[in-house]
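Peer 1: Once you've looked at the hints, dock chain B against the given chain A.
Letter by letter, the chains look like this.
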Amino acid sequence: MRRTTFAAVSCVLVLTTGCGAADMTRQASPFANAQGAKSVTLSVQSWVGAQSDVAVAQYLLEHELGYRVDTVQVDEVPAWDALSQGRVDAILEDWGHPDQEKRYVDDKKTIARAGGLGVTGHIGWFVPTYLVKQHPDITDWKNLNKYASLFRTAESGGKGQLLDGSPSYVTNDKALVRNLKLDYQVVFAGSEAAQITQIKQFAKEKKPFLTYWYEPQWLFKKVPMTEVKLPAYKEGCDADAAKVACAYPHTPLQKYLNADFARSGGRAAAFLKKFRWTTEDQDQVSLMIAEQKLSPEEAAKKWVDAHPDVWKRWLS
Amino acid sequence: MATISVPSPRRLTLPASQAVRKLLVLAVVAVVLVPLANARWASAAWPHGLTVDLSKPLASASDWVIDNRDTHPLFLYFFGYISDAVVLTVRAVYLTLLAAGWPGVTVLAAAVAHRVAGARLAAGTAVAFLACGALGMWVPTMQTLALMVVAVLASVAVGLVLGLGGGLSGRLHRALRPVLDTMQVLPAFAYLLPVVLVFGIGVPAAVLATVVYAAPPMARLTALGLRGADPEVLEAVESLGATPRQRLLTARIPLARKELLLGLNQTIMMALSMAVIASVIGAGGLGDRVYQALASVDVGAALAAGIPIVLLAVVLDRITAAAGERGDSRRPAAGLAYALGATLAVALAARLLGRLDWPASWTLNFAEPVNRAVDWMTAHLYSGVPVIGGTADWAGHFTTWVLDPLRDGLQWLPWWSVLLIVGALAWLIGTWRTALTAVLAMAAIGVLGVWEPSLDTLSQVLAAVAVTLVLGFATGVAAARSDRVERALRPVLDVFQTMPQFVYLIPVVALFGVGRAPAVAAAVVYALPAVVRITAQGLRQVDPAALESARSLGATGRQQLTQVQLPLARPALLLAVNQGVVLVLAVVIIGGLVGGGALGYDVAFGLAQGDLATGLVAGAAIVCLGLMLDRVTQPTERRAGKGA
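Chains as they are written, first to last, in our numbering: chain A, 1 to 316; chain B, 1 to 644.
For reference, chain A alone in the conformation it holds in the complex (with noise of 0.2 Å):
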């Protein structure tokens, strides 16, 4: 029935506008430059770190250069397919695709590098820092099945459980937990969201848990967490995703755009270019947003107020 809806909608489209090519994927958001505003569309990933970025960004672009900014959730690999097309204009944080990269800044060039974010990103496995205090050698993996039996939870059956997050995030887990013959089984929460949930109620009755986590992340400070130590990460040690058996690598945020919005993108784009900012004050602007529940909005405009010395650079 679909084809019958793209016949019917198609033919009124060749009567009404020609024969020409529509190439879709240059193609903006609808709703974007509305009543004559010159505007930027952000990629917001579904994590606070991004948000963050984002709110910041937004607040200045708006604030200071009079741009329109709608933002809007995409998952992380569909974001890169989304700012090649130019349905969103940047990426402001983005964790290592190596083979999108390839894909379409190095043969396609729809995608444009923008520098660093300012910000490593480092992805691990985490215990509670309460339970290290009882637990001191707790820290190393070699240890973990002898400590599988705090972590059974009803999902895990009889094993320990590792705690996933999102499915869109860079994780090897499954594998780790295989090929270190570790006795847990890894249960994925399902999105960010529901992991932050789950971990603030076992912080809450101080509960064992164990859990795939990176930094920065805000929860650190309202939960402190201690890092397991894996195997140590050798460059290439993750090359085969079914074979991994050591940590994860701390990888430098980038910043990526649009190739077109680079190009002719005047201010909004060389400012987004600039952005670089700080772990600290990212988290600073994390926390107002999940912790304090401030709209980003307001913690976006709480930091500029305090920190212009960092900002006015990136508008030079």
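Because the hints were derived from the structure by calculation, they are not lab data. Please note: incorrect hints may appear among the correct ones.
Stated by the list, open to error - Here are the simulated lysine-lysine pairs, PhoX-like style, with alpha carbons at most 25 Å apart:
(1) A/Lys221 - A/Lys302
(2) B/Lys56 - A/Lys243
(3) B/Lys56 - A/Lys108
(4) A/Lys229 - A/Lys207
(5) A/Lys102 - B/Lys258
(6) A/Lys222 - A/Lys204
(7) B/Lys22 - A/Lys174
(8) A/Lys274 - A/Lys302
(9) A/Lys181 - A/Lys229
(10) A/Lys38 - A/Lys301
(11) A/Lys221 - A/Lys206
(12) A/Lys204 - A/Lys159
Peer 2: Below, chain B alone, put in the same frame as chain A:
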């Protein structure tokens, strides 16, 4: 919410002998085939030799689309136009709405409501729109409204064309009906991936996914209305010498007015329920606000964006329902002109006063108290409640004592016995055709190679349906027996039924932890209203004469219920089971986002990673599962009759 017409009670019980005969036939088939199958492929899970691995071809198809999307003529001259048309029309509607400003839009909506349904609804409509603004959601509401207008118009156009075809040609009707029936039971989450692959993330994909979801009810009801026209009237018109065209325009379509408007009503409801799900693929607007708020575990903000959706849904539902009930068909031209005039005047006035945008100081901070309430609830209910234990303990027990045994039991059953059970259930309640469809759907799941996760999902569905039915029948009986209970329940049911499913997800995690238990809980909350409503409606429609005679024979209230009302309302109860199953499946799938795992997680994974192989296969399996569950719970009587 959507009106579900319950078929009038008819005798549905099969003669016992017929059921026994069917089972005997099935037993003979089983005796012949099972040893064969068992000798060749003896295993509990679906035999590996009977699966087809689709991951390679799907991966290469996905690569081909991405590489050729900006060069291949199919995309440039076909999909590209569709995409452009959607973007242009949505933009046009959006700019019009913005140009009218909040005073103009509110006045227009109220004027239309007044024209169609009277002063009370007009006031309600105006309040609803102002509330959207007061919640700080004016611009997202307009984005969603623009998208809805386009999606609903397209759905209605498609539905009308298909429905006209089905209504005028018997053959087309027979061909279309099973397709439409099936489309209506599919969880929307399963559609998204293929649409995204072709159109990319964004509004065109969202609109098309919505049209696919919302057009079937329009088509069904159009066909139903045209076929249901009184033959005597048609004959009279024919005897007056009308041409077929005149007959259609002057008799059949006007006679089908009620069904057409009911179709419009259902289409709008389906489209709105899709607004939030479509935000996963970049629809923007209110759905996106809900989605973003949930990412930072902000239930209050999610609710602030969810309430405008509920308000829009309730207002549109009441307006279209009122239009359907109004018997006469006065020409609305004059009223429309006056509505447009008033709108224009207000919009111009607003423009001159510079008041087009919703003033920022008029917004309420609504999120904070809600979040405090949610925090209090989770802090006090999660665990450590004396005697009954906290909700986390319940969830743990439910997982260990209900979900785990159910899942393990299903996965332990040999694959052929699952097929046999499905076949037997479907045949007992339906015909050999429905049984065959159900068995083939189940077998297709095995062939796709997702047998185990599908049974996992199935176990969650079964557990959730059981809980829903127990609660739903109990509440439904209470509502049917007391007007006061029904009046008190009505607004609650309205809200729960239209609230976007996503809003439920975070509170249930806070209460039940991560895992399958919260997925089941969310599914129960979502499916309960429909079950309660159909049960109550069915019980109330029981022939009063039958009740009266039971009473005169001295039956007590309980005896009246168990021996007269419930047996007579059996078709309605079966319909409630069917609807319950369909709704539960839809939410169990979304439960993949809160640790439900299984097929729901696979679909979410496919969408998140752009992994067509995982996502599409899981989506297809969900489709098969939905088809199977529908056929197993759908009495034949419903398809033959004029029900929902």
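Peer 1: None of the hints should be skipped; say for each whether it holds.
Peer 2: Results of checking the hints against the structure:
1. A/Lys221 - A/Lys302: holds (19 Å)
2. B/Lys56 - A/Lys243: holds (21 Å)
3. B/Lys56 - A/Lys108: holds (23 Å)
4. A/Lys229 - A/Lys207: Holds, at about 21 Å.
5. A/Lys102 - B/Lys258: Since the Cα atoms of A/Lys102 and B/Lys258 sit roughly 57 Å apart, the hinted pair is violated (cutoff 25 Å).
6. A/Lys222 - A/Lys204: holds (10 Å)
7. B/Lys22 - A/Lys174: Violated - the C-alpha atoms of A/Lys174 and B/Lys22 are around 47 Å apart, more than 25 Å.
8. A/Lys274 - A/Lys302: Between A/Lys274 and A/Lys302 the Cα gap is close to 21 Å, so the pair holds against 25 Å.
9. A/Lys181 - A/Lys229: With a Cα-Cα distance of about 15 Å, the restraint between A/Lys181 and A/Lys229 holds, given a limit of 25 Å.
10. A/Lys38 - A/Lys301: Holds, at about 21 Å.
11. A/Lys221 - A/Lys206: Within the cut-off at roughly 16 Å; holds.
12. A/Lys204 - A/Lys159: This hinted pair holds, its Cα atoms lying about 23 Å apart.
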